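Those letters in the sequence shown? Residues 1161 to 1583, per my numbering, in order.
Source of the hints: derived by calculation from the structure; they are not laboratory data. Warning: the hint list may mix true and false statements.
Keeping only pairs whose Cα atoms sit at most 27 Å apart, straight-line, the calculated BS3-like set for lysine-lysine is [to be verified]:
#1 K1231 / K1581
#2 K1287 / K1213
#3 K1293 / K1512
#4 K1212 / K1231
#5 K1560 / K1549
#6 K1213 / K1231
#7 K1231 / K1285
#8 K1287 / K1210
#9 K1581 / K1560
#10 K1581 / K1287
#11 K1549 / K1581
#12 K1281 / K1231
#13 K1535 / K1549
#14 K1207 / K1515
#15 K1213 / K1291
#16 K1359 / K1293
#17 K1512 / K1287
#18 K1515 / K1231
#19 K1293 / K1210
#20 K1287 / K1341
#21 K1281 / K1212
#22 K1341 / K1581
#23 K1515 / K1581
#24 K1281 / K1291
#25 K1581 / K1344
#26 K1207 / K1231
#27 K1207 / K1287
#28 K1359 / K1341
#29 K1512 / K1560
#30 K1212 / K1285
#31 K1560 / K1515
#32 K1535 / K1512
#33 K1285 / K1204
#34 K1204 / K1359
#35 K1281 / K1535
Computed beta-carbon distance windows for the label pairs [claimed, not checked]:
#36 N1286 / I1188: 55 to 61 Å
#37 K1366 / I1265: 52 to 58 Å
#38 I1374 / M1255: 28 to 34 Å
#39 Q1519 / W1200: 53 to 59 Å
#40 M1179 / N1286: 25 to 31 Å
As the structure is a prediction and not an experimental result, all values here were calculated from the model. A virtual CB, placed ideally from N, CA and C, is assigned to each residue, including glycine.
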Amino acid sequence: MLYYFFRLLEQYDIPGSHMWSYISFRAILTLILSLVISAWFGEKFIKFMKRKKISETQRDASIDPFGEKKKGVPTMGGIIIIVSILLPVILFGRMRNIYLILMIITTVWLGFLGFLDDYIKIFRKNKEGLKGKYKIVGQFSIGLIVGLILWASPDAVIHENISTERQGQEIVVTHKSEPIKSLKTTIPFVKNHNLDYSKIMAFCGKYSNAAGWIMFVVMTILVVTAVSNGANLNDGMDGMCAGNSAIIGVALGIFAYVSSHVEYAAYFNIMYIPGSQELVIFICAFVGAMIGFLWYNSFPAQIFMGDTGSLTIGGIIGVCAVIIHKELLIPILCGIFLTESLSVIIQTQVFKYFKHKGQRVRVFRATPIHDNFRKLDEQLDQTSRYIFKGWPQRQFHESKITFRFWIVTIILAALTIITLKIR
């Protein structure tokens, strides 16, 4: 909103109004405001939740040895995150931008889905929360909506094959193609690192382009669902999910900025995506909200984000990656989320397989994998056989586990960024 107001003032030569045309200026303001809102509103929200006695129920001590201390801590802190994202974005973003609109829709949609889950857990006293099939339907739906809008919108276009030519001391950027609808996406560690979905579906003949778009929509659904669930599983320790997500957000912000800048896109030989600079505004709000939320969520947590926050965070990361055509980098960038999800799948499937044979076999002490590091052997189910029973050999405090997971995410984020040059 303020963007359009100051651009209007610029027509009358009002001093300073031209600053609002710079994405860096608006991005920094967005980051600062998001931090301020998260810190200020967070305190008010925590006091409100305590007055209403809307808090975390006692956790299973066999899983969380610090669970007793977390009894009475308010939950549904995802509301703080959502408010801290949306207000700065509405103030400083260009609201006619299709990508910004999609990010706002994703935030509201998955925020509401997570809110329903938390509401059922807290007010209906049902620890299972919203049934899994309804969560999947909600995640499937937003993935479908995003995929179809990117397919149908005339504003969701790219410039392919950017090249640079040196003329004297100046670098002139030229384009070999007009803005087009593209089914290409970036793949890591490959010289000509674009994968075209329509070429994968070449066996469909003259329908290969349509089949490619169907594959793109399906991929969007899978990415949004997988990352959303991964973030949800990662939200098991104080500050864990918020810290990892902030790091991932910084990497996505770099990708969005490079993709939106014609010369940087040319230098890195990636797709130039007009309009994706507004994603930088959104990501700055996202990172600011995550860091501000850590003020209260770091150990010992004064509030938990709940599914209201974790489902929203995962959806935001997934949709942003799809918009900038970097969804195939997600397994690297969100390696922690992927590992959390795989640990649960492996544990569940191995247990089911051996159960049919009359045996109780588990791979890890506990899943998601972060729980494996805080559970002692004497806390295990003595009727089960554990493949990795002696790993690790001692129990770790959750703050140490959290910091080490952050460090791994920093390494993965750095690796993801340098894939722009390693081919």
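A quick look at each hint next to the structure:
| no. | hint | result |
| --- | --- | --- |
| 1 | K1231 / K1581 | 48 Å, violated |
| 2 | K1287 / K1213 | 17 Å, holds |
| 3 | K1293 / K1512 | 20 Å, holds |
| 4 | K1212 / K1231 | 15 Å, holds |
| 5 | K1560 / K1549 | 21 Å, holds |
| 6 | K1213 / K1231 | 11 Å, holds |
| 7 | K1231 / K1285 | 15 Å, holds |
| 8 | K1287 / K1210 | 20 Å, holds |
| 9 | K1581 / K1560 | 33 Å, violated |
| 10 | K1581 / K1287 | 47 Å, violated |
| 11 | K1549 / K1581 | 41 Å, violated |
| 12 | K1281 / K1231 | 15 Å, holds |
| 13 | K1535 / K1549 | 10 Å, holds |
| 14 | K1207 / K1515 | 47 Å, violated |
| 15 | K1213 / K1291 | 24 Å, holds |
| 16 | K1359 / K1293 | 33 Å, violated |
| 17 | K1512 / K1287 | 23 Å, holds |
| 18 | K1515 / K1231 | 34 Å, violated |
| 19 | K1293 / K1210 | 31 Å, violated |
| 20 | K1287 / K1341 | 45 Å, violated |
| 21 | K1281 / K1212 | 15 Å, holds |
| 22 | K1341 / K1581 | 25 Å, holds |
| 23 | K1515 / K1581 | 48 Å, violated |
| 24 | K1281 / K1291 | 11 Å, holds |
| 25 | K1581 / K1344 | 18 Å, holds |
| 26 | K1207 / K1231 | 16 Å, holds |
| 27 | K1207 / K1287 | 24 Å, holds |
| 28 | K1359 / K1341 | 15 Å, holds |
| 29 | K1512 / K1560 | 32 Å, violated |
| 30 | K1212 / K1285 | 15 Å, holds |
| 31 | K1560 / K1515 | 34 Å, violated |
| 32 | K1535 / K1512 | 22 Å, holds |
| 33 | K1285 / K1204 | 25 Å, holds |
| 34 | K1204 / K1359 | 53 Å, violated |
| 35 | K1281 / K1535 | 25 Å, holds |
| 36 | N1286 / I1188: 55 to 61 Å | 43 Å, violated |
| 37 | K1366 / I1265: 52 to 58 Å | 33 Å, violated |
| 38 | I1374 / M1255: 28 to 34 Å | 30 Å, holds |
| 39 | Q1519 / W1200: 53 to 59 Å | 55 Å, holds |
| 40 | M1179 / N1286: 25 to 31 Å | 51 Å, violated |
Hint check: violations occur at hints 1, 9, 10, 11, 14, 16, 18, 19, 20, 23, 29, 31, 34, 36, 37 and 40; the rest are consistent with the structure.
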